[in-house]
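Working from the sequences, and respecting the hints, build out all of it.
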Amino acid sequence: GMILPRNSLPTVITEPFKNKVPSSTFTSDPCRIKFYSQELLFHRDDICSKLRQYSRRPSNTEKSVYEHAAKTILCQGHLCPLPLHVAPIDWNYDHALRMYPLPNVLIL
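My numbering puts the first residue of the sequence shown at 8, with every later residue one more than the last.
Calculated pairs, BS3-like style, for lysine-lysine (alpha carbon to alpha carbon, straight line, at most 27 Å):
| id | residue 1 | residue 2 |
| --- | --- | --- |
| 1 | Lys70 | Lys57 |
| 2 | Lys25 | Lys41 |
| 3 | Lys78 | Lys57 |
| 4 | Lys27 | Lys41 |
| 5 | Lys41 | Lys78 |
Hints in this document: simulated from the structure, not taken from any laboratory.
This is the structure we're talking about:
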């Protein structure tokens with residue numbers, strides 16, 4: 008897999024789009040956005056399927072898979088609660104994966 012956290016897209020790739028939409032912003036993954044008094048945390052990863060694959064207790068329903076993933080991530084306060092061989096982490100930027108303080112909204 009790719010090392011977490013991920014950098015933003017290179018300027019070479021984003022420049023043509025940015026020329027057409029100058030107000031666009033390309034960020035890293037994960038990304039925290041402050042919207043008025045709310046903090047939104049976006050993370051693009053298929054964490055549910057990875058957690059299901061490495062879970063000791065398989066879930067029976069689709070809803071319980073998502074609830075289990077959300078609870079695991081929120082309880083650990085980290086966006087990558089998986090073994091390093093599954094989701095390697097760049098330790099210099101591990102702080103970007105920590106969720107303290109917890110956001111108002113987590114979007115996976």
